[in-house]
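Listed below, chain by chain, are the residues.
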Amino acid sequence: MVNTRTAAWGLRRLATVGLAGAVALSMAACAQSQRGNTDGGAGGKVGGTLTFGSEGAPKLFDPFYATDGPTFRIAHQMFEGLTGFKPGTAEIAPALAEKWEHTPDGRTWTFQLRKGVRFHDGTEFDADAVCRNFKRMSGQTGAGQSSAVSQYWVDNFGGFADGAKPSLFRSCTPKDKNTAVIELTRSTSKFPGLLGLKPFVMQSPTALEKYDANNVRAQGDSFSFPEYALQHPTGTGAFKFGKYDKANNTIELVRFDDYWGGKTKLDKLVYKIIPDETARKQELQSGAIDGYDYPAPADWAQLEKDGFQVLKRPAFNIMYLGFTQKNNDKLRDLKVRQAIAHAVNREQLVKTQLPDRAQVASQFFPDAVDGYNKDLKAIPHDPEKARQLLAEAGATGLAVNFYWPSEVTRPYMPNPKDIFGAIKADLEKVGLKVNAVTKPWNGGYLEDVDQAKADLFLLGWTGDQNTPDNFIGTFFGDPTNRFHTGSASWGQQLSGELKAADEEPDAAKRTRMYQDLNKKLINEYLPAVPLSHSPPAVVFRKDVKGFTASPLTSTGESFAPVSKG
Amino acid sequence: MLRYTLRRLLQLVGVVLVLSMLIFGWLRALPGGPVSALLGERGTEEARRELTAQLGLDQPIFVQYGKFLGRALSGDFGASTGVQPGDSAIEIFLQRFPATVELSVVAIVLAVLFGIPLGYLAARRRGGWLDNLGVVGSLVGVAVPVFFLAFLLKYLFAVQLGWLPASGRQTGGLDATRVTGFFVLDGLLTREWDAAADALAHLVLPAMALATIPFAVIFRITRAAVLDVLDEDYVRTAESKGLTTSVIRRRHVLRNAMLPVVTTIGLQTGALLAGAVLTEKVFAFPGLGEALALGFERRDYPVLQLMIIMAAMVYVLVNLVVDLSYAVIDPRVRTR
Amino acid sequence: MSGSVSRSGSRPPTLGGRKERLDALAATAADGPGDAGVSLAASAWRRLRRNPVFLLGAAIIVLFVVVALLSPWLAAHDPTARLLEGQVSRARNEIPAAQEGFPLGGDQVGRDLLSRLLVGSQQTLMVGVFATVIGLAGGLLLGTVAGALGGWVDSLVMRVVDVMLSIPSLLLAFSIGALFPSPSQFTVILAVATVQIPIFARLLRGSMLAQRGSDHVLAARALGVRPRAIVFRHMLPNSLGPVIVQATLVLAVAIIDAAALSFLGLGNPDDSIPEWGQMLGGAQNVIDSHPNLAFWPAGCIIIVALGFTLVGESLRDALDPKNRR
Amino acid sequence: MALLDVSDLSVVFQRRGEPPFTAVDGVSFSVEPGQTVGLVGESGCGKSVTSLAIMGLLPRRGAVVTGSVRFEGAELLSLSARQMRDRRGRDLGMVFQDPLSSLNPVIAIGLQVTEVLERHRGMPRRQAMVEAADLLDKVGIPDPRRRLDEYPHQLSGGMRQRALIAMALACRPRLLIADEPTTALDVTIQAQILALLAELVRDTGTALIMITHDLGVVAGLCDEVNVLYGGRVVERARRHELFRRPRHPYTHGLLASIPRLDAPRGERLVPIRGSVADNIPWDHGCAFAPRCPNALGTCVEVTPQMDEEDGRLLRCHNPVQENQEVPA
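Those sequence lines, one after another, are chains A, B, C and D.
Number 526 in the UniProt record's numbering belongs to position 526 of the first sequence; there are no gaps in the numbering.
Number 246 in the UniProt record's numbering belongs to position 246 of the second sequence; there are no gaps in the numbering.
Number 19 in the UniProt record's numbering belongs to position 19 of the third sequence; there are no gaps in the numbering.
Number 261 in the UniProt record's numbering belongs to position 261 of the fourth sequence; there are no gaps in the numbering.
Check before you lean on any hint, since a few could be wrong.
[To be verified] Label-pair ranges, simulated between beta-carbon atoms:
1. E304(A) - R8(B): 57 to 65 Å
2. S246(B) - L141(C): 47 to 55 Å
3. L56(C) - R121(D): 52 to 60 Å
4. G274(D) - R159(C): 49 to 57 Å
5. A76(C) - N132(B): 21 to 29 Å
6. D233(B) - D137(D): 23 to 31 Å
7. L133(B) - V64(D): 26 to 34 Å
8. F186(C) - L94(B): 37 to 45 Å
9. A161(A) - R159(C): 55 to 63 Å
10. E94(C) - A161(A): 52 to 60 Å
11. F62(B) - T103(A): 52 to 60 Å
12. E100(C) - E304(A): 28 to 36 Å
13. F186(C) - L317(B): 42 to 50 Å
By construction, these hints were calculated from the structure, which means they are not laboratory data.
Even glycine gets a Cβ: it sits at the ideal position worked out from N, Cα and C.
Just chain A, with the same shape it has in the complex (with noise of 0.2 Å):
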């Protein structure tokens, strides 16, 4: 259907378009197809190959950078610690370190390491790269010393080898091949676990001298990463890198044969990025993944009804309706914050919009961690008793600014705004006048909380490591946290004990004046109102097997055991 002009203007463009056409015949030639480069063959549809659905994309390849989960998630495929976690608990077990003793003081650890490990490139793994790893970590310059950039170093040992800050590290001295002496400033709760964090892993010193590792720059709003740190991680894990394809977003790993733990089952395991909830179940209903990371609580009796298999992980996690002792005086009254706690009705909340084996929180950590204090019971819900000690406080019908987070979901708050409605609801039962604010997660909410500018405000953690002082210290550590508890009249007494705990050598003893230091939390201080553990899950199609589901989540779950079909 076109005339002669018509026809003239089709055909100018029929042209350009024949052009771009030949073009890109021309550049066929050059385009050959470069499948079958990597292990495993041509095709996606080898037995052998994995997919899973990860939300989000990793930051970069060197965990010792990171602090985001798809970042830990692979790196724990390809990574491993001096210590690690016994499978599917938070218990420290041996990884690249077969056994380690300290002296009594603490501050002196003997790792034995395991011999015949190699790194991906062939390095092998020795005290000497033990070392040079340790002194990589505590010698990073410039923005490598940015809290953004090695968040997990500046949280955990303070400051780097320049010394401008104080730092848990004193030294590593390689003793003989296999055996690494590692000697710390101070005792601390969380050693030697904390060597199984994901930041804390062995990489091979040869490809981070290579590639440059440590060449981390601020770029304008953010950092630029080297090269190592994007294209060549390399360490003794299971799986060794093999490409990172961003405009599919798709990361493929590939079975590391030289492994020491013995042969892997997959060839491949490829992580696909699907940020979007709903459309990381659909990928698997409809195949096109063979499992994901975090269903949604929502989600869980449909998948499991559907024959997918959903994990659902110990809960290492916490919930807490938080108060700021810096503005509302009231607040600072100890009557008013357990008003609260006993008008929120906790059993009905974790029943309806929690997920399954979802538990009532009686402290501020759960179960799995050492310290756990099993004769606490949590605070009943008893609007009467709330509404007396109000009236006790002089606080009834007391106005609270109460925020909650919209555009964002955490595993231990699925819902935040429905969380919220039945908190509030509770509140206004006992006469408690609540003026509701919301600001995106990103958008004002976590910069508001940590300015103090809520009154009460809901928020939570995920441990990283089976330590009391990863969840309460993290928390009331220092004085000037978001709860403020530095304004409050044993705000600093706290932080005391806290520190105390932290660095008392003795794990018995350790693990009572943990258990002491919950009870007070709750009876004595109560700096926030711990809600509730919800178990994260996470869901495989039915014919992957020989997967283990941790407390420690993805950064506990190897994928070297699972097989496929």
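Using the hints provided, position chains B, C and D relative to the given structure of chain A.
Frame of chain A, contents of chains B, C and D only:
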């Protein structure tokens, strides 16, 4: 014509400059920011202060803008903080632009392929069942929120029937070779037919969702234009010459009716991006739209700045192309 | 020359390239002085009464408005009360099903869905109406100023308007919605409204220009009528037709855009007072286990939007002088 | 045998929801080869509809055409759409009123001329182009070669009309219908176009039906004149007869209302009272009666019949008498 084109391009520069300023200011005026996104629950007041300083966000805004502009002129738009942390914004744009283009092209092609013929037939059989159906249908098409339609399509064809993939651009682990970044094209170039087919399959549903509104519009414009042309005197003249119906339809009716249609197609193509944001979000399709939504959620300044500026540029350029193509088919514009 | 060019060129009646469309629509205001406008309205009304499309649309709108006004009495339950909370379990993905007294069951937190739908119509109507009114007011100001004064004022205003028009409407709304520290019903309305301002501005300005040259205005000038009087007594009344058409169409757009904003997380986060767009946006993560939570509000939105569109389009056709016999 | 023989032609328009409207009501006339016949009357008298009916250009739906139109003895009304197409442009050509809107704005003049040649004379494009240039030259368009590639908007009004005429005559039709060919043009141009038409019909021996409201045009051109009123022929006569002695009051009125240089001093122009709107339907009498200065009682009771009298046809109860003064 050339002078006109140059003038338009010059205006474009101005637009981009002003826009970049607005975006820059706007983003920083928003509460929160990359600091929150980067620190998450670990944030404390001083950690924030420290990081803010490191990112240079504590400096006065015009200083920040000056630096941004300086870097931008040297082709450096900063690195992503949230969408694909660490990657340069440019890199991300280059990855995602082809995706959105691929999607938009398929969508607009669908819209044109169905819109013009149906619109023409509807006009020929004015008041016939096809006409009424088409008109009401196009109205409904406009009344259905894009994202909801996207949901419906996905729910029906991907989830329930499982005919088509539910999300993404290509099945993972397919190990397709990348050449141009246009997956379908790549598949053809590298003769990885399965990859091409797979990529195409991923396009169908989002394209359908995206195509509805352009289709509705093109249908109606075509219909209206043809109706207008049919009672033009020159059509009667053509009849009086005893020309065959096919010649009259092609040469005298369609040819003239195409003028407004072409404009419309152009405008719709430009406007597609808006729909793309929603559609790509629903289908987790890694294109500009998704990057915009994600970047906004994670306050990824560099990415947002570049994406929005580029989006505007593309939009302006598309319109320019439309005006030029208009001149190609309409002698009255060309020879004035 | 171009006059006749535009016969087919710049009269793509419905939808279409926003600019062209608006100018075309505006042109319909040009013909005839006020009284002709009246007779135009009369003849339009005669044609509308026979137009099934219009009648259907009108019926929908009337029903919608009536429901919105009466909803407090129609709703069986308090739409904010979590009456069925006991039956909600996120863990087992249980959301109250239809039951005695709750014909549509409950929502994610156990509130009566039907009541929320009914009462939701109020907010939805509000969003639509306010967005339109605000957009109209803004457009009226800009357009009248530009059209009445002409000259550099005109060209300045129009540049701005064109820039605004050249940004895809949803993106614009998205940006504006995001501008506010924390989203709320108000910000939604404002965002949607702002997108409409340039549309109305261009429309009014167009019809103003069309009339500046027209005989009845020239006549008024010749008689020495004060400019303001000319604008308000002679020009504006004649621009009414196209404005009404656009307004009805905008109502539909506003309701849809508001829904889209909620979907993008820029909607009013406080969901105690129901609103359809927000109900739809909120249901997106349970959509495939409990589609009804999304389908009901979506259905309502579509039907109402369709209603306004039908009326708008048939009005447009009715007012188009080319269709007058 | 007459070239064209129109007898008792009627056209009734029927629209949904509206009463049927009779635009042409039993019109009969004939055209001899090479003859020029005028159809004269105010707008709305049905002259254009008549021409469209002859050309078969009336919409298929909504317009009912009855009676007969014989072209060289063949009945046109009974032809199929296709057969009619074959004749249009080949045997019958037509020129319309508004030259601008009658030309396709986006196609070069050349193509618009050649398409007829290609269609009816099966000429290949190149040859057709040569022929077309030739035609444009004939209708007095300077530098025709260049014009071929130009578009309507680049031509002046007169040029456009010439181009249209060239198209209409491209295939040497035996009959040309010109529907108000000059009304849209400036007076000076009008004269040129009329002259051109006259010349062309003389040279090519084409018969011409000149449709106009302007007796001046008729005076210059036509051999025979049909005066239409309310869809019927009310008077037919040879040109000189008609002008010398108009018999029907309407014709008389028309003549009286044109300014004439040779008019005696002091004679005033006499417009016709009222408008077509005042018509009464023919079956109740004479449609013109309400406006007629000569109207009698019978005029509003009895429908006047067409009667022949000394070589002219007349439909009137009370014709204008020799040297009758028309009452103002």
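Failing hints, ascending? 5 and 13
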